[in-house]
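Trainee: These are the residues of each chain, in order.
There are 2 protein chains.
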Amino acid sequence: MAVLKGNAVVAQSGGPTAVINASACGVIQTAMANPEVFTGVFGGLNGILGVLNEELYDIGKEAPAEMDRLRRTPSAALGSCRHKLKDIKRDRGDYDRILEVFKAHGVRYFFYIGGNDSMDTADKLGRLAGEDNYDLIVMGVPKTIDNDLAFTDHCPGFGSVAKFNATAVMEAGLDTEALYTHDTTTVHEVMGRNAGWIAAATGLARRGPEDAPHIILLPEVPFEVEKFTAQVDDCLKKFNRCFIVCGEGSKTPDGKYLGEAGGSFATDAFGHAQLGGAGEAVRGIIENKIGVKARTNCAGTAQRNAMHFASKTDVDEAYMVGKTAVEAAMKGVTGQMVTLVRTGNDPYRCTTGLVELQKVANGEKVVPPEFIDPSGFGVTEAFLDYATPLILGEAPLDIGRDGLPLYVRLTKCMLPKKTETRK
Amino acid sequence: MAVLKGNAVVAQSGGPTAVINASACGVIQTAMANPEVFTGVFGGLNGILGVLNEELYDIGKEAPAEMDRLRRTPSAALGSCRHKLKDIKRDRGDYDRILEVFKAHGVRYFFYIGGNDSMDTADKLGRLAGEDNYDLIVMGVPKTIDNDLAFTDHCPGFGSVAKFNATAVMEAGLDTEALYTHDTTTVHEVMGRNAGWIAAATGLARRGPEDAPHIILLPEVPFEVEKFTAQVDDCLKKFNRCFIVCGEGSKTPDGKYLGEAGGSFATDAFGHAQLGGAGEAVRGIIENKIGVKARTNCAGTAQRNAMHFASKTDVDEAYMVGKTAVEAAMKGVTGQMVTLVRTGNDPYRCTTGLVELQKVANGEKVVPPEFIDPSGFGVTEAFLDYATPLILGEAPLDIGRDGLPLYVRLTKCMLPKKTETRK
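These protein sequence lines are chains A and B, in that order.
For the first sequence, numbering that gives the first Met the number 0 gives the first residue as 0, with consecutive numbering after it.
For the second sequence, numbering that gives the first Met the number 0 gives the first residue as 0, with consecutive numbering after it.
Excised from the complex, chain A in its bound form:
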């Protein structure tokens, strides 16, 4: 079978990470190195919205030097979104529209970098194209700081958010240690709505029992107030201080998020109730039940974009999965997501594999019991063995004359529209 020749669209989806651009760079540079297959490489402005709205731009017009720097730029430089396509069984309009735009622009390859939902979208697009007898190769590239995709050993983006948060916990932990006579406890909230991988990863900061974090709250372990306060009390007796990491998705035994149930319903200036975060809820419990002062840290979106201290392993693997997706596509592979396959742990070795998009779309991987300490408040050696290799190495960084990182903003040369504007 002859190699399919045509244009490629690459798009990013969902929450940004430190390394999703490294994956995009892997896709783009590999595709551009094969112009006999990929006649053009286009970006979708703001992910799938850019395809729906026919807002595509020509990545070939970007300066090659900037493309190199894309690899070292955090967030989603192609533009992302959280747009949920309509249910294809009820309304296939969105999917038909995407195919219409693809056909109008001679797009034969679609590389979608994202999580579960994105893999589902890519899968359905591929199937629909098949029904239409339109040759379209769709490949998924995994991305999520949450590390909750099934069928892959780990997810690009996780290693870097893990390295940054473990470091921040180590550093803020020293703060609590130095000031324990005044600020006795600290609650450090990290991302991870459904899975506790990021919270668990801060356990890497703990080289000895004295070190932060002393307590880790995972969404996988129901939060019981009495058990928690007993654990804090115990820690205060031992160390005069307590540093707690709280996954934002931590829940009560009846399944309510802590921010919703245990904690602070804020009322704003206009009398509307606002939902506080899990960290604030835990702080309230400590101050009121135990009676010691607690502080909260919550780096928010800064944590998932912390390229300034990203994991080199993560950046390299992110590039590799992008590159591999293109190489597989050139061999005619379609409807698959590239996975990371760990082939050794000492020394760590990792290669790539493939899995059907459909399978990924329906899986979710939470932190398994063997990675959770029997107390429910920490992680096991097995988890540390799993996570340590993922944070190794420091990704190279370009620093400007102003002392700050040099990150790239694409010029995004828009393609002229070829279809009727969609209402």
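Certain hints may be false.
You can't tell identical chains apart in this list, so a pair holds if it fits in one copy or across any two.
Straight-line distance between alpha carbons at most 25 Å, and here's what the computed BS3-like set of lysine-lysine pairs gives [as the list claims (entries may be wrong)]: (1) 255 - 236; (2) 292 - 83; (3) 411 - 237; (4) 226 - 255; (5) 102 - 255; (6) 85 - 292; (7) 226 - 292; (8) 236 - 411; (9) 123 - 330.
Don't read these hints as lab results, they were simulated from the structure.
Fit chain B to the given chain A structure using the hints.
Mentor: Positioned in the frame of chain A, the structure of chain B alone reads:
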């Protein structure tokens, strides 16, 4: 006059910074290099509390290699506190007690690393010793991320918190840019209760009008809701997104902290009101008055300990002020704080000076009008010229085989007590 021979006590006070240990290291290594003057170098456990409680430890017993690493360790490794001494006019008991402990341990030099209050304490101690005819040399070493000490061009600790926050804002700003169709605004809260230096410093991240931060809220500029929402609206029209940096000490025109007045009074699980932060208050205003989604980031204590991306200029200067304090003390100078004196800006040059402790204790330096943009929502070129040199260079970092920084914890070999335990 013969050089005073005796033991030295070094102590840290107040909130930790990335570089207060570099200053301690400057004091310790310089004192230890002069054993003919400094017969012993002792640390005060938890700052002045360690002196009051006669909890002193022998720094000479620490491994020299660990001492080198102290220079690259964030937070206050000697131990800090926020203990406020009693007013000397009403009750000089605390001061007498400190002198009692100093006398018992042959302490002739006291190096106090801290902010306004610490300089005041050191000053009073020096005067009291003089009244008692006890030869004691007291020297102040400046430290505060808040950069609000008078008589010094800038304060060790500021450059590093500025570099980290500017970088975090740059990175989180790219997140808001990528996801503006979903998370349209971000409020990034930074430290600085009375002065807006840290908030102002995030302006360094803004290389062009599109870049974050688009709006900076300083405690120096009263927060007016209508003016603010108009500014956000304007930014949304221009860029489809808005990234706001909010100093934690931002206040309403009638002088109330935003967290207190404008925003969210959280009620915890037990019905107690909790004071929300300034960032949450601003988020509430955006969501309710403008009707777009807002996120908040608040790195908390992690920001002031971010040695993993500290300013080399800051670390070097922090060491220099510690070293200079000892050198001055050896010349018989007392009752002075070491200052930083900028002697050139292009290229940047900085040397040290001295100022009477008493003067420093009563001064506070807020961001002056010429550094604040006429709009009240940003900084001027003059400010950028002032701040840029302070964040230049990346401080060297030791990374362990586990991919995380290697920081030091002192062994703190306690000295036997020589006085009655204080009740």
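Trainee: So, against the hints stated earlier in the document, which numbers end up violated here?
Mentor: 1 and 5
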